[in-house]
Amino acid sequence: MKKLNKRHIIDIGSLILRTLFFLVFIAPLLWLVVSSFKQEMNIFKDMGSLSAFIPKDLFLGNYTKAFQRADLIKYVMNSMFYVFLITLFGMIVNSLCGYGLAKLKVPYSKQILKFIIALIIIPFETIILPLFLIVNNFGWVNSFQALIVPFIANCFNIYLFKQFFSGIPDEFLEAARVDGASDLRTFLQIVLPQSTTVFATVFILTFVAHWGDFMWPLIVASDDSVRTIQVGLQFLFTNPPQLYGVILAGLTFSTIPLAIIFLMFQKYYVQSAASSGLKG
Amino acid sequence: MLRWLKKIIVMVCVLSLLVSLLGCAKEEKTGTTETTEGKSTSSSSEEEVILTVWLPSNNESENKVMSEIMDAYNELNVGKVVVEYQFVPRANAFAYEDKISAAVTINQLPDVLMMDGPNVSNYAYSEIIKPITEFFTEDELDDFVASMLSQGTYNGELYALSPSESSVVIYYNKDIIDAAGIEVPMKLEDAWTFDEFMEIVKTVHKDGEVYGVNIAPDYGTGEWMTYMPTLFLWSFGGNIISEDGMTAEGYINSSASVEAMEYFQSLSNYSNWQATPTEFEEGRAAFKICGSWLVPGFEANPDLNWGITYLPYEKTHVAPSGDWAWGVSSTKHAKESADFLKYMLNAENIENFTTIAAKPPTRKSLLNASELWASYPRSIIKDQVINSGHPRPKTPAYPVVTQEFASAAVDLFLGADVKERLDLAASNIDENLQRYFK
Amino acid sequence: MIHKIQHRFHIAKYQKSLLGIMFVLPAICLLFTFLILPAIMAGKYSFYNYSILKPENMNFIGLTNYTDVLQSKAFWKTMTNTFYFVVVVVPFQSSLALLMAILINKKSRITNVFRIGFFSPVITSIVVISILWTFMYAKEGLINNFLSIFGIPNQPFLTSEKQAMNSIIFMSAWQASGYFMMIFLAGLKEIPETLYEAAAIDGANKFKQFIHVTVPGLRNVIKFVVVVTTIHAFKLFQQPFIMTGGGPNGSTQTVVQMIYKEGFQYRNAGYSSTIAILFFIVIAAVSTLIQKLIKDRSY
Numbered sequence: 020m021k022k023l024n025k026r027h028i029i030d031i032g033s034l035i036l037r038t039l040f041f042l043v044f045i046a047p048l049l050w051l052v053v054s055s056f057k058q059e060m061n062i063f064k065d066m067g068s069l070s071a072f073i074p075k076d077l078f079l080g081n082y083t084k085a086f087q088r089a090d091l092i093k094y095v096m097n098s099m100f101y102v103f104l105i106t107l108f109g110m111i112v113n114s115l116c117g118y119g120l121a122k123l124k125v126p127y128s129k130q131i132l133k134f135i136i137a138l139i140i141i142p143f144e145t146i147i148l149p150l151f152l153i154v155n156n157f158g159w160v161n162s163f164q165a166l167i168v169p170f171i172a173n174c175f176n177i178y179l180f181k182q183f184f185s186g187i188p189d190e191f192l193e194a195a196r197v198d199g200a201s202d203l204r205t206f207l208q209i210v211l212p213q214s215t216t217v218f219a220t221v222f223i224l225t226f227v228a229h230w231g232d233f234m235w236p237l238i239v240a241s242d243d244s245v246r247t248i249q250v251g252l253q254f255l256f257t258n259p260p261q262l263y264g265v266i267l268a269g270l271t272f273s274t275i276p277l278a279i280i281f282l283m284f285q286k287y288y289v290q291s292a293a294s295s296g297l298k299g
Numbered sequence: 233m234l235r236w237l238k239k240i241i242v243m244v245c246v247l248s249l250l251v252s253l254l255g256c257a258k259e260e261k262t263g264t265t266e267t268t269e270g271k272s273t274s275s276s277s278e279e280e281v282i283l284t285v286w287l288p289s290n291n292e293s294e295n296k297v298m299s300e301i302m303d304a305y306n307e308l309n310v311g312k313v314v315v316e317y318q319f320v321p322r323a324n325a326f327a328y329e330d331k332i333s334a335a336v337t338i339n340q341l342p343d344v345l346m347m348d349g350p351n352v353s354n355y356a357y358s359e360i361i362k363p364i365t366e367f368f369t370e371d372e373l374d375d376f377v378a379s380m381l382s383q384g385t386y387n388g389e390l391y392a393l394s395p396s397e398s399s400v401v402i403y404y405n406k407d408i409i410d411a412a413g414i415e416v417p418m419k420l421e422d423a424w425t426f427d428e429f430m431e432i433v434k435t436v437h438k439d440g441e442v443y444g445v446n447i448a449p450d451y452g453t454g455e456w457m458t459y460m461p462t463l464f465l466w467s468f469g470g471n472i473i474s475e476d477g478m479t480a481e482g483y484i485n486s487s488a489s490v491e492a493m494e495y496f497q498s499l500s501n502y503s504n505w506q507a508t509p510t511e512f513e514e515g516r517a518a519f520k521i522c523g524s525w526l527v528p529g530f531e532a533n534p535d536l537n538w539g540i541t542y543l544p545y546e547k548t549h550v551a552p553s554g555d556w557a558w559g560v561s562s563t564k565h566a567k568e569s570a571d572f573l574k575y576m577l578n579a580e581n582i583e584n585f586t587t588i589a590a591k592p593p594t595r596k597s598l599l600n601a602s603e604l605w606a607s608y609p610r611s612i613i614k615d616q617v618i619n620s621g622h623p624r625p626k627t628p629a630y631p632v633v634t635q636e637f638a639s640a641a642v643d644l645f646l647g648a649d650v651k652e653r654l655d656l657a658a659s660n661i662d663e664n665l666q667r668y669f670k
Numbered sequence: 045m046i047h048k049i050q051h052r053f054h055i056a057k058y059q060k061s062l063l064g065i066m067f068v069l070p071a072i073c074l075l076f077t078f079l080i081l082p083a084i085m086a087g088k089y090s091f092y093n094y095s096i097l098k099p100e101n102m103n104f105i106g107l108t109n110y111t112d113v114l115q116s117k118a119f120w121k122t123m124t125n126t127f128y129f130v131v132v133v134v135p136f137q138s139s140l141a142l143l144m145a146i147l148i149n150k151k152s153r154i155t156n157v158f159r160i161g162f163f164s165p166v167i168t169s170i171v172v173i174s175i176l177w178t179f180m181y182a183k184e185g186l187i188n189n190f191l192s193i194f195g196i197p198n199q200p201f202l203t204s205e206k207q208a209m210n211s212i213i214f215m216s217a218w219q220a221s222g223y224f225m226m227i228f229l230a231g232l233k234e235i236p237e238t239l240y241e242a243a244a245i246d247g248a249n250k251f252k253q254f255i256h257v258t259v260p261g262l263r264n265v266i267k268f269v270v271v272v273t274t275i276h277a278f279k280l281f282q283q284p285f286i287m288t289g290g291g292p293n294g295s296t297q298t299v300v301q302m303i304y305k306e307g308f309q310y311r312n313a314g315y316s317s318t319i320a321i322l323f324f325i326v327i328a329a330v331s332t333l334i335q336k337l338i339k340d341r342s343y
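For the protein sequence lines, the chains are A, Y and S, in the order given. Take the first sequence: its letters are residues 20 to 299, numbered as in our numbering. Take the second sequence: its letters are residues 233 to 670, numbered as in our numbering. Take the third sequence: its letters are residues 45 to 343, numbered as in our numbering.
Accuracy of the hints is not assured; some may be wrong.
[Stated by the list, open to error] Between beta-carbon pairs, the in silico distance windows are:
hint, chain 1, residue 1, chain 2, residue 2, range
1, A, 83, Y, 655, 18 to 24 Å
2, S, 154, A, 77, 27 to 33 Å
3, Y, 655, S, 264, 49 to 55 Å
4, Y, 478, S, 106, 52 to 58 Å
5, Y, 564, S, 84, 45 to 51 Å
[Said to hold, decoys possible] Only pairs whose alpha carbons sit at most 27 Å apart, straight line, appear in this in silico DSSO-like list of lysine-lysine:
hint, chain 1, residue 1, chain 2, residue 2
6, S, 183, A, 75
7, Y, 670, S, 98
8, A, 25, S, 250
The hints are simulated quantities; they were obtained by calculation from the structure and are not laboratory data. Using N, Cα and C, we set each Cβ at its ideal position, and we do this for glycine too.
Here chain A stands alone, though its shape is the one from the complex (with noise of 0.2 Å):
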């Protein structure tokens, strides 16, 4: 009797504490959504309070002047499009370049690795200057090649799906190998359906970090035909004064995308949590 009151307390605990993390987690969010359906003024006179988490007005003012601004919705196309290629692409060449770190035979694999790793830590804003250079040398400014080729590769990706291919037991490979599986066959039909949950996590989190670009689109993409949702949005920025509903209004609209993706490629965290079977 007095186990099962513990445990209840337990549960009563964390479902109390999820659900105030939720609370502050979710509250930005809430923010953006709701001003931006507020007129300007509502927006900072409720700052101070709860009501800036409360809907008071729908209005819609500041999304028919966002649009008016901006073509939002070919840019959200425009990023949609890139992001989702450098993503595809990147899931390939990074999850068959931690597999062969993890699992087959490179020369040097282990230095590699470090050396991969060792390059996580080069911050962009270091390197924008010369990989523009080379871009232009291949003629790719104003291009969606400029925005996606050099994003493909990724050393954190590679690093990520490395770390998860090294959890596949040896011995799950080698009954693939004896059947006479090929080593590609072996990735693609026995690697790949047991991996979804790492595919899954590299997919979202690619795209959320390539959707946020915003100094690289704005050099080598300020063509009107491949500008993107970032670079497009700060059209809304107009300075000055700046009308905080309208920028509101553009950035909630650029957060649907994301918001459907992540909704998206997060069952899989479900699903492979049943098809399981793999030792971490």
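Given the coordinates of chain A, assemble chains Y and S onto it according to the supplied hints.
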């Protein structure tokens, strides 16, 4: 439900892919959307010159009138010149300037470009823009206000001119000021001294209810904290940098500069550094020190009972000025660029642009002839533009100077020791000047 | 005969590694072109006086940039600030992320909702988050109003030298923990349920299960998250850039911010590259050290 969503997303992805591919294919034929019209009308002529032009993107009405003016130029010059223009976002930091820097490294600057006024010296020093003095006669130049000519001049040559000017003014909340029985100056010679202004700020400030003055804080991230605090510096007889733009020591930390910034610091007792953008509009600040660009927005706000007045002064009347200006790069098409520049700055086009943008025009003839600018509240802005406008310092190291001064100004407003902080700014600026410009 | 077998064996071995190389090569090529090559170019610039606006004036100046940077007070200040940020944020953020992952590592509809909530700051633009927190941290902002209920006086969260960096640390940990929660969660999914059941049968309570099952099971992931969080933390840039501009008194100025400022705003690509190279060396040393430390402790 989620399955449906997924299907839709897949469709959208495929569609967007197709659309983008089609878009690319189409684009190869006709050029970018913004320039289609100009290009398609005149592809037959072989001698036609293509001028590329960059300008900052402002609000939609300003962008529209600028486009119309340039489209009209293309129509006037069918078969001779095609202007391909691009609006570049300024963002809230220095995105436009970063883009120019990047273009310089690969030799792809546009033929004609707009730049923020204080950057003129930096670009002129780096020889990425060319003098435009010879494009204009002396009489033509005489029509421009002194502050604008000064902003565009570097080493005795004119490099850039702007259609519009700006000024810093004092806005006040009429309800609060009237309730306190304060009379507001309506003529430049009646303007408050800084001491008088401080006394008034003190009387209207009510702790926790109404702030004495709002300084439109930008949290230390942009050009504003240089543009605005210079009004104190110059009026007290201080300066950021020497006349030749090469020494900060003894200028930014001179006794006059220190005195000016001490005054600036004392305003912080009656001001909120973390004010929300609408603090003044909500009636929670009696005064607001801000640029002339707020007037149209305030006029459109029926709930706000407001007025404007001249900046206070100490020794001289000074109002910070400056705006984005047209310049010409080291282009092959110097003649066409000059013609385009002169077209953009002719009286008619300046009038068209400044009317829509609600900014003071830089031509005195326009300012003086205009009824709009002759009547309150704009008359005060006009008065300051003509009589007390002062551009920001001219130095090849302007990017360094503005950052160092602005961050010092922020620190002072948050309570740093004035002399110490200005000494630090002086040594930072001089170190950079020493390394790169001497 | 023996010779022949050996030969065939050699070929097989050669083919095997050839296949491995084929797997690895595309990534390596891309990394070389778009990451290593630019980094080498930056390394070259660090020995030059190179102003972006005057590329034709580029001239070799040996180690001058290095001596200049190492003597610059601003450089050491940003270095100290960055180290402080890293040292505080890494343990704080990593344990927060792990706690969150454990809290929602259950299969049910409601945990899905929690997961979405915890991850939402990651998908919300950092610009929005920085603007929102700037106002929440304000003198009359939400947090101060909340604290005043308990009689705590107004705190100068972003406007005092002492608190500004801590405020940014708190906000950053809160914002990024959802990201690393996802990685922990992926790791937790790989720990077989049977291990927990076995531990429960042995009479281990939740805490003991955490110590004896979860932590060892996550060893690789924890190592990974700590290293990556450290590297991420070193790259801090956006939040102070938007919220404080590096102030007050330079207390939130970070190294990457200085690299950006010197390179793009002041247009001194040479000097900026020098800071980048020195910074690169420092992070490489630190992350190697961390990897060593974690390895030693977990065995």
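To see whether the hints hold, each was checked on the structure:
1. A:83 with Y:655: 18 to 24 Å: violated, 52 Å
2. S:154 with A:77: 27 to 33 Å: holds, 29 Å
3. Y:655 with S:264: 49 to 55 Å: holds, 52 Å
4. Y:478 with S:106: 52 to 58 Å: violated, 26 Å
5. Y:564 with S:84: 45 to 51 Å: violated, 34 Å
6. S:183 with A:75: holds, 24 Å
7. Y:670 with S:98: Holds. Residue 670 (chain Y) to residue 98 (chain S) sits at ~15 Å (cutoff 27 Å).
8. A:25 with S:250: holds, 12 Å
Of the numbered hints given earlier, the model fails hints 1, 4, 5; all others are met.
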